[in-house]
Amino acid sequence: MELNFSLLMPELALFGVGLLTFVLGLLVPSQSRKGLGSIALMGLILVLGVTVANWSNQGVMLNGMYIVDRYAMFFKILCLTSAILVVFGSYKYVDQQVKNHFEYYSTIMFTTLGMMVMISAGDFITLYMGLELMTISFVILAAFRSTEAKSLEAGMKYLLLAGMSTAVLLYGLSLVYGTTGTILIGEVASKVAAGVDSPLLIVGLVMLVAGLGFKISAVPFHMWSPDVYEGAPTPVTSFLAVASKAASFAVFVRLFIGSFGVIQEHWVGLIAVLAALSMVIGNLVAIPQTNIKRMLAYSSVAQAGYIMVGLVAVSEAGIKGVMFYAFLYVFATIGAFTVVAAVSNQTGSDEIADYAGLIQRAPLAASVMLVSLLSMAGIPPLAGFVGKFYLFQTVVQDHLWLVFLGLIMSMISVYYYLRVILVIFRDEPKDASPIRLGGATAITLVITMVATILLGIYPGPLSEMANMAAQSFLIR
Amino acid sequence: MNIPVLTLTLLSPILAAFVIMFIPKEEDKLCKWVAAAGTGTALLLSLYVYFGYDQSVGGLQWVDFGGPVPWIRDLGVSWYMAVDGLSLPMLLLTNLIGFTAVFASWNITLRAKELMIYLLVLIAGVMGTFIAQDLFIFLLFYEVVVIPIYIMVIIWGSSKRVTKEYAGMKLTIYLLIGSAFLLVGVIAIFVQALQITGVPNMSFEALSRVAFPEQFQIYMFALLLIGFGSLLSMWPFHSWSPDGYAGAPTAVSMIHAGVLKKIGGYGLIRFAVFVLPLGAKFWAPYIAVLGVIGVAYAAMGALAQKDLKYVVGYSSVSHMGYVLLGVATLGVVGVNGAVANMFAHGVMAALFFSMIGFIYEKTHTRWIPDLGGISHYAPRLSVGFMMAAMASLGLPGLVSFIPEFTIFVESFKVYGILAVLAIAGIIITALYVLRAGANTLFGPAREEYKDIKDIRGPELVPLVVLGGVLVIGGILPSLLFDMVNSGVAPILAHINEALQLGGR
Amino acid sequence: MGTGLNPSYFIGLSAALFLIGAFGVISKKNAIAVLISIELMLSAVNINLVAMNKFFTPDAFFGQVFAIFIITVAAAEVGLGLAIVIAIHRKRHSVNLDDFDLMKW
Amino acid sequence: MENIFELIAFVLLSGLVLGSALLVVTLKDLVHSVLWLIVTFIGVAGIFLMLNADFVAAVQVLVYAGAVCIMIVFGIMLVQRQDIRNSNPLNGRYKIAFPVVGGLFVCIGLLMARSQWIVSTKAVPEKTVQALSPILLHDFTIPFEVAAVLLTVALTGALLLVKEVKANGDRS
Amino acid sequence: MVEFALGHAWLVPLLPALAFVLIVFLTRPWPKLSSSIAIAAMASSFVLAASIAYGVFTNPHFIEEPLVYSLRWFGMEGFTVNVGVKLDPTSAMMLFMVSLVATLIQIYSTGYMKGDPQYSVFFSYLSLFAASMLGLVIASNLLQMFIMWELVGLCSYLLIGFYTFKISAREAAKKAFMTTRIGDFGMLLGLLFLQIIFGTLDLVELAQRVPNYEQYGLSLGLLTFIAILVFIGPIGKSGQFPLHVWLPDAMEGPTPVSALIHAATMVVAGVYLVGRTMFLFTEVPGAMEVVAFIGAFTALFAATIAITQREIKRILAYSTVSQLGYMMLALGVGSLSASMFHLWTHAFFKALMFLAAGSVLHALHDKADVWKMGGLIKKMPITGWTFVIGGLAIAGIPPFAGFWSKDEILAVTMEYAQHGHGLGYVLFAMAAFTAFLTAFYMWRMIFLAFFGAEKPENHPHESPLSMTFPLMVLAVFATVGGLIGTPWANAWGQWIHFGHPHAAAPAYGLMALSVVLALAGIGLAYTLYCKDTEKQRAQQLAEKYPTLYKISYNKYYIDELYQWFNQKVVDGGAKVLYWFDIHVVDKFINDMSELTGLTGKGFRYFQTGKLQTYALVFFLGLLVITVVLAFGDPTSAGIMGGVK
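Protein chains in written order, with the working numbering: chain A, 1 to 476; chain B, 477 to 980; chain C, 981 to 1085; chain D, 1086 to 1257; chain E, 1258 to 1901.
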């Protein structure tokens, strides 16, 4: 009943440092704001430390309105990690591309806060608030380069479409509330288990799928993502692609496996079909793309499809697969986008054609791009392969066709990844001037690459972690 | 045996690659020497292992770290590096070809540093598949090789009938999609085994001890067959092979035709047949038919070629047909023949491609009608070429005859008239090989080639090493066969046992 | 029994309002009009929530609280939306959503 | 007896809400549709009152019919320099949009018709505000705080965007 | 020495092989050294062979149980191959003959190939060739034999194509290899059958197992089939009828090679193989008849071609084919000894004639047309007279070697006929007529080339001693070589025979007949080509029967037939299949990828960039899902019913 602050530590800490950076941003004169990023970084690392320290500190507070279990912890760590990487990797980009960025870092932190809240939300209201905080902040971030028409347009699109989808999600929630008579996810589970089963519940489910499908950009609710990804500032894009997707997946899993697991026969088929559609359309449409951000956007649609496979298997193994994949997806995606940011920072272009000869201009960036893309494609010995293995292993017996489709599609995806690699490795650069990454970016790149390779070769620890988390999820 | 020799063998090319990374790219000679050192070490180690292997004992030996090292617990994956009579010839072959491939690309100066790095990674990857006794590790290495190959093709490849970009992409995607089927099978088998035994374990032995239901075995074997078959360029999944080899640079052609393909055959025996005997039993006749079609079809295809690399490309498809036929017999003699034939063809194809590579380097063409009379200017080159040619038409006294003969013995016993068709392949083979050889090397000396240099210095290494293996293996087949037999016999014993169990 | 009206009436009403809003979102050219339509959808949700609250959990005020939160957030959203509309209008001199297709395909 | 009144009230209110809402999405003149939007909101507030949620109704009237609409009007004044008459046309999509939403309505209606309700017999306490405040401030602390953060972020974000554009405008 | 030789018979092939290795890897730059190494090796293996022959022919028990020793070569469960040595009179004789001829030819080559840039290479090839032939001779195992057999083929390929700058040589070499390859295919099948059914390829074991083949569940018909399959190999190697085409073209090689191939080694390999596997053939009369008939037919057929050829070596080549036909005939009628006897004599006189022809060409700078020669005997007496001796021998004039062997063959054929094989008489007639033709075309050549008027444009000169010495040696053997097999004292028959030794009373009638035939042939040739210096009659004959002449001159157009088959059928088929591969198999793949790409493009254009399109799609998706889930999905039936 009472608030248990020890459980809230991470959120509070994040709130604190967020506020700190915010205030500092307001007070410090604009010419001496360089240090802001480092402060934000320190803060985030601190919060991450706090979160990790609370790994085994589980509990439920406010009679189930706020759930802090390892499952939530895992996703919080994920979001914080990606926030750290994004911030660290985009110092230079932010300095040069984002005018008066004093709010940039604080907004990123508040976004993360929203994610953390929605991840461990135990009732619809908290869930909604966290989601909305995340969304609103992302709208701001997407429109952050407000001197750029594209950025503004991205903000506009995200705002309107997200608002719409949130309305749909809310409608679904209201129907669920109506049919089950509670807004506590835990109670919803017990009510549904008790046999509450009304036609409107189905409509509610469908609307939930739509609303959350929008956030994880699953076909056919994905259409915003390429445009927004392209228009938003690149670090924001990577954050959007990784963290918001992961958080939404956390909610997705919590709602559907946690609450509606008993009536899975109503929605598993639906999710399977959506997953298949996402894989197919995401991968096929990525093929003809010429802008690397759009290409990555479509590929992230496909990735969402893969992750949904873990949802299809309503099981601990499935949840574990989702978590594992979401985590390795962080490194691959952020690695790729950081390279994109660094390149566009120098060349001012996101066209694939302008990556010619990157291997000679910036060997590190080129190899990170290679590793990241191949990991997304699931080529061993990179992390993506293990992740896919975990995911597909869970559905191979009930939905063999899905496994087939997924693997074939991931091999087809290699096609467009290789087109990038072709340009990077074969062509001679138009201007051979080396691309200066800057120390922070370089370190970030190295971290992502090492992580991607390491998770592929020795996934043991992470999978253990995901195991514990998944078990904690199913205990209740 | 507390030194992990195999792991060291695996690491030595990788270490060399690391060293090269820190060499300035101007020092390309140095890069090449380092690469040669790395592969050479691997070769020596594998020779040491090969002759240190106790055939009388048989089974898995040289087990690293004294046994499986748990790697990914919840998938039952373990770092399990060991060799038996089946994998040893392949390991040796890999390092033979890897070592010579470095010298075959000796004259390449364009971005030589990168080339060597990719080459070494490639070699290490191929090696890993042969020494890994764990399915998962096997898979890791199985696909790691694809990407370096792609990069090498697009950078150092050559465009003829098809552009090198097309060739590389086709090669990669084709094999990857094949491997997708394979992966589905692997995942399904793993899950099924987990359900039956309750403990996850991915080592080949453990899987082979699981009694899978027959229907399941049949379906899964089909998947694995498509996967491995497309890598083995089994008809009709072969069409990547000629284009790919034509587009690829010499080193890649050597390694790809020499060993990479063999991973398909190796996997087919080591994994598909070994783990799913009933499935193998069911599919064997179809495999045989496909193999025979491959033999005749590809041989005829090679007959119609004017580009040397296409000739060899098709011929390799045709030879793999023999391998399939041998595997399909599911008999000791036949499978022995198949494995030995993989070794033989590996050496032969590598020599062939390296020689063609030199010809291309020196004359800047592979178009047979434009060639001729090379032997007057480059006798050593011609000797190498003719040796490869003779080996590929199965001339006795060279390594490839006895394997083919053993395959014929068993397959003729098992499949009768079908085998006769395959045997007829030797005539067509002789026809196209002789044609290509004669029209390239002999005939009146041509003016335009009068100042080409014969191969010399490091360029001779492929000829000496591979040619030597060709002859030695031909004169003393027991060196190869006793080893292969010590590996194949137990596997087939296990299979027959399983078949009897499945039969009741 | 407080009233003869059963939830269906209100759910029907909210559904209608919701879909009218949806219609607006899809088919109004003006960005501000789309914002308005979203507000319509949200208030439809509110009707739902409050009705549910009355009919199912009269004693716990979940629905009403939820509605209040939604209203709050909606206000903020509108504010932000208008800001973006203004900004983009300064940039592109248009509020017609169909003009904003720099990024496509 | 009072059932009848309630029914009539409901019919009137819902007619008002839906009618005005339809006008909102169909009218050509943006300002008019905003005015009708106010009407809609007030109607909704009425519905809330019917559902004895007076506090929510109040908030609805204040925030929506008040603040939001004013904001919108200001917004319109900022962006609509040219003719206000035809500021709010439909685009081509309504031909498809109409059947879609119609279809959805039919679906929901059908499903709703097939579902029966276990209506709780308890009545809503009269003093909603007194009941609401502890819940809001105690049970829902976390959402409440989050809402605070959200408002801050939204506000500063909005400021940022607009200010940026002004600076931009000066530059140009 | 003898003991050593018998115990180390494998040295005989090994020495030349070593010479080959030495020359290739070390001494290639120094021609003289290379040739001396080769000759030394060859000579020493000749000595060994001679002592082996001595050892064998001095203790008779070798006849019944040959000396066999072998070691495991490789093997696995169910298929083990031992390689080893099998010494019996036949192989001893072959060893002796082959090594002798080879030695002589190498000596000869030192003169003939003088100054050739590839001098050492040539000798290395010769050594390898001899090595593989000797290996074939002593092989104790059919697989081992087959291997050597193939190696012989390889060497012949290399040697025929020795003048690599000559297109014709290149083609001839290819043709030789391919044709024999076709034969080998059949033989390989035969061997596989034997291996699978009898479980071994060892000659001795096979000899024990084949006779009671019923135990191995084998019908006579199948055994016959197997025998014929095996016989296809010899058909190819020994240039029997359908596959003889390569042999005349093989003249493209240097003359010593022709001598080596045609006289001593390669071509007789086929005969020797059949001789080695007599135990198989004697079981199946049907196969025997096939062998006999093909032999006889080939003999006649080749002879009819030979009478109109113009190039000296070509004529000799066809005569070889014809003589091989004789040997096959002898085998076919079941007399190993007769056939081996002819092989023995033929080796000497044919080698002699080839080498002589070689020295003629040497003198005339490779002018090969006999019509352009004439009166050479005055300028180059040794060559001329040795050639004449060869001619007498092949024509079958007593007491020259050829007479005895050919007479023996005629005798056994007649015997065969009398033992109630109706076919026998036909065979005999063919053989007899062939004898006449042989005498005719041989002497036609001799008269044209060596007698008659000299041609002024030729400036012939006698060849150096290195070339004439072998001629003289061979001439001696060609003269007296047959005396060991005379019907009165048939030592040959005692030693070399299959089953019971063939001992019949000398048939004087037959001898008379063959002598008469031979003389008739020579006489005809004399009248046509020597007596009338203008050769009017010959011309008239040719014009009188133009078709006959053309057919014979163009070798029955068989080459053209094969040409056609090769180009139209084989290459055509290849082209068709390749087209199929590109335009069907490969195109399918490409179309699939094309399709994928197009689908991607198609979907791409849904992404209009217009925000509200996305909203529309969103709600469309919502509608579809709702409809499907709520009304389509069977699992939602419970829902439709309301509360469960």
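Any given hint could turn out to be false.
What the hints assert, rightly or not - Straight-line Cα separation of at most 25 Å, SDA-like style, residue types lysine to any residue; simulated pairs:
no., chain 1, residue 1, chain 2, residue 2
1, E, K1636, E, A1777
2, C, K1084, E, L1475
3, B, K889, E, I1320
4, B, K589, A, G357
5, B, K636, E, N1847
6, B, K589, A, P434
7, E, K1858, A, D354
Hints are computed from structural coordinates only; laboratory data are not their basis.
A quick look at each hint next to the structure:
Taking the CA atoms of K1636 of chain E and A1777 of chain E, the gap is about 29 Å. The hint is violated against a cut of 25 Å. Restraint check for K1084 of chain C and L1475 of chain E: the C-alpha separation of about 78 Å exceeds 25 Å, so the hint is violated. Of the pairs offered as hints, the one joining K889 of chain B and I1320 of chain E is violated, with about 36 Å between alpha carbons and a cut-off of 25 Å exceeded. This hinted pair checks out: K589 of chain B and G357 of chain A have alpha carbons roughly 15 Å apart, not beyond 25 Å.
About 17 Å separates the Cα atoms of K636 of chain B and N1847 of chain E, which keeps this hinted pair within 25 Å; it holds. Of the pairs offered as hints, the one joining K589 of chain B and P434 of chain A holds, with about 18 Å between alpha carbons and a cut-off of 25 Å not exceeded. Only pairs whose Cα atoms come within 25 Å are accepted, and K1858 of chain E paired with D354 of chain A is accepted, the gap being roughly 22 Å.
Consistency with the previously given hints fails for numbers 1, 2, 3, ordered from lowest to highest.
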